[in-house]
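Undergrad: With the sequences and hints as input, model every part of the structure.
Note that the protein sequences, when read in sequence, are chains A, B and C. Under my numbering, the first residue of the first sequence is numbered 1, with each subsequent residue one higher. Under my numbering, the first residue of the second sequence is numbered 410, with each subsequent residue one higher. Under my numbering, the first residue of the third sequence is numbered 568, with each subsequent residue one higher.
What the hints contain is simulated information worked out from the structure, not anything from laboratory work. These numbers were taken from a predicted model, which means no experiment stands behind them. Just so it is clear, CB atoms sit at the ideal spot from N, CA and C, and this is done for glycine as well. Don't take each hint at face value.
Keeping only pairs whose Cα atoms sit at most 30 Å apart, straight-line, the calculated BS3-like set for lysine-lysine is [as the list claims (entries may be wrong)]:
(1) Lys872/C x Lys150/A
(2) Lys872/C x Lys885/C
(3) Lys150/A x Lys774/C
Only part of the chain C face toward chain A is listed, based on derived beta-carbon distances under 7 Å [as the list claims (entries may be wrong)]:
(4) Leu695
(5) Met724
(6) Arg772
(7) Ala947
(8) Val950
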Amino acid sequence: MNAVVAQFPLLIVSIIKIVVLLVIVLTALAYLSWFERKVIARIQTRWGPYRVGPHGLLQPLADGLKFLFKEDPAPLGAERFVYYLAPFLAMSLALTTFAVIPFGPQEIRIFGQRTPLGIADVNIGLLVLFAITSLGVYGVALAGWSSNSKYPLLGGLRSSAQMMSYELALTMSVVGVLLMAGSFSLREIIAAQQGRTWGFLPRWNIIAGPFPQIIGFFCYIVAAVAETNRAPFDLPEAESELVAGFHTEYASFKFAMFFMGEYANMITVSCLATIMFFGGWISPFPATPLWAWTLFLPTVLFAALGFYLIFDGLRYETILGRILLPVLGIALCALAALFVVFPGVNGFVQGPFWFLLKILVFLFIYVWARGTLPRLRYDQLMSIGWKLLLPLSLANVLLTSLALVLRQK
Amino acid sequence: MEIADLERHPAVERLRAWNPRAAEEVSESRGEVAIGVPRELLRGAAERLRDDPALLFNLLSDITCVDRFPAEPRFELHVHLVSIPHRARLRLRVRLSGENPVVDSLLLVWPGANWMEREVFDLFGIRFEGHPDLRRIVLPQDFEGYPLRRDYPVEGPR
Amino acid sequence: MTTVETASGPVQTMVLNMGPQHPSTHGVLRILLELDGETVVKAVPDVGYLHTGIEKSCEAKTYSQAITLTDRLDYLAPLSNNLCYCLAVEKLLGLEVPKRAQYIRVMLTELTRIASHLVWLGSHAIDLGAMSVFLYCFREREEILNIFEMFSGQRMMTSYFRIGGVAVEPPPGWQKAVERILDLMPGRIQEYEDLLTQNRIWIARTKGVGTLRPEDAIALSVTGPMLRAAGVAYDIRKVFPYSSYDEFAFDIPTRTESDCYARYLVRVAEMRESLKIVRQAMAKIPPEGPIKADAPGIVPPQREKMKTEMEALIYHFKIFTEGFAPPPGEAYQTVESPRGELGVFVASDGTPKPLRVHVRAPSFVNLQALPQLVVGRLIADVVACIGTIDIILGEVDR
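TA: Following this line, the structure appears as structure tokens:
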């Protein structure tokens, strides 16, 4: 084994990282659907999933199994090859983007190999990311076209137009950040946001720099929601108009692949928003001794959640819940204890903790918007993209470069 | 209302002024005034009722039919009108024979007559001359018979 | 693919078959849309998928039995249908309903209007993508349905109004339940308005969409909130009052824009007006008094009398075996249902079964206007327009 590792160190380490990340991401995707259903349910004064497992925690598993065992019909006259290719494209491209996202500042050691936290550390990470996400439109467009059905066709048309026009605004909106960081590497973009204004305010791009990227962030988040086909821009799959849009004719696991692709895109886009505007894994609190207690925030959060789960679990209706919830709670408490006992571990989790917390906030905003807002119309969507977002993001680029030039003088 | 009052009803007076045969019978029961109109005069009468400034029956409320099988003429077409400006209601009654139940369409007078006439055609088989799109509306296009006729059994044909 | 001539020259069109199974056709409406891209060139509604022959069935039932069929017409406002049918038969019979029953009828029909508008608002909102409003509306509708259940034992197919009055004495404690709704609703209506009225996306989706000029609306026999949103204050409760509506003080909300947004505002305002009427009706309903007309042979006798008086027993037997026979003639009665002018035409030939029962269904007639509303607009607007017509397929197809 060691010999093989010695021969192809990078390959082996990468494969291990990919497998680990895939397992984590796919689980996260499944539980993101649970999270969305729960949050939407609370917004709508419902309970949400509750039957499968305690608090519906096993619902994603049940859904996954259901998708696997459903009949998988293909419509008559569908272009078979493309029809099967489309969901594969949608999901695999969405998952590929995770390859370039860094999850923490430190390096880890696998089989004695030092390697960054994240699969690949590409110095043009942002470009690679946008390149991959913009290919994602093929999954949707091809699905709409190959289904040989009218609703998917309209959905495919809508989404091709929508994704292409918002791609532009999306890319332009981050140019300001790139100018300020002077790099395409996601790590360096985060590194450029280190430090504090007046000693406490984080120098995140959203609030600091020669020109705070508030406009850029606004353009980015709107374009990103549109890019991921989520409410209020979920026109390609607008169920009240196009039944289910481009995936009307897809069933079983092919549908699940579109579903996972969409959720993966949500996570990617939230990651990017965090990295580019909210300082990635940088804690919102200064690293001075006065604020040292914030290092224990992960501990407190985990412990609180753990205790809640234990006490809630003991009162739970079903026996499974009375076993599973406390076990989960104890595991969380144990993790919290681990952080306290080993300062090294605590230091290591700080980065990923803040990173994931910020992503969660963005995901919550996604779900919140879906629970609140009506859907825009196709022509209104296009006019927002071309007449509002694009000029705004261009103005942002101009203003940022102006600010940079003035500062250099 | 007395018969004499009925004869002085503005709608009756205006219709008779236009054509002495237009209001061939006038009746009032349960607060509703009904004017019997000959089949061939229906559209003309409808236009007068809609446009005459003293009447202005601008809203067509309903068109329906009653089958008095086996009496003859068996069909009675009831047209209910509302005058929004004058807050008045009026019913026109047209008798149609079972042999050839044809009547002028009111579509050109009130475009809202479209589906109402299609429904009467669908369920009673009364043909509306001048209706551009006289198809069955609630029943399938290939349905046979006219189910609301009294000689059509409730359980359907056996 | 077919080619049609439009103002801007010939275009290749695609025919999209929307419905009868489609999430936003509110049941089984089918529309054949001819599309140029996403623009509607031609729209042909096709109805009848829910035709159950209710009018024919009525001819085979006695006058009282037919009440249960009227519930099934507009299943979101069953009490309006009950009321209209009962009023028509009462007109045929020349029956005077006691005031107490009239006020109870008014109160319950207005609650029905609120419940029906709530379903409308919820489903219209979900058609435009605002999911949560749907669930909020159904939460409140549930409370109103509970009141119906209190009164009649049924949530939806109430059949509570009978010829000559109402079925049974109001249940004990009904005032409290209605009071609760009256206290609850204003705040909840405000909640929906907070979510939608000033919402930019909502305004963008509904303002200027599906306009209909008032003269076109009248010509197409459009009634109800759609007509009032076009600026014509035609409300049967005011114009041809029935069931003592002339004793109530309320306004007819109208708008002049005649678009989907105006219809939304009119319906929301109508809910508030209905609350006003319910409050007045509550004050008017006397604690005691007859709930049925004194008409032996038509209105079933009280149980007490049946056990003591031979005559009452005979009447009871005759009413429920062969029914009663109104004098020959016709009666046409209209009421303001949540959707517009609901009319019931009853013709009697002097036998215990009606010669003809015809229902003038408001949404059937209003649906005719759909092509006018949607031609030249986008698919998304078709959904908005179907929503604001507020069709109930049970009533459209009968």
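Undergrad: Taking the hints in turn, state whether each one holds.
TA: Here's how the hints hold up against the structure:
1. As the CA atoms of Lys872/C and Lys150/A are separated by approximately 67 Å, the hinted pair breaks the 30 Å bound.
2. The hinted pair formed by Lys872/C and Lys885/C meets the criterion: a straight-line CA distance of about 15 Å does not exceed 30 Å.
3. For a cut-off of 30 Å, the pair hint linking Lys150/A to Lys774/C stands: about 28 Å separates their Cα positions.
4. Because the beta carbon of Leu695/C sits about 4 Å from the nearest beta carbon in chain A, less than 7 Å, this interface hint is met.
5. Proximity of Met724/C to chain A is violated relative to the hint, the smallest CB-CB distance being about 26 Å (cut-off 7 Å).
6. Of the supplied interface hints, the one on Arg772/C holds, with its beta-carbon coming within about 6 Å of a beta-carbon of chain A, less than 7 Å.
7. A cut of 7 Å between beta carbons decides the hint on Ala947/C: the least distance to chain A is about 4 Å, and the hint holds.
8. Residue-level restraint check for Val950/C holds (minimum Cβ-Cβ distance to chain A is 5 Å; threshold 7 Å).
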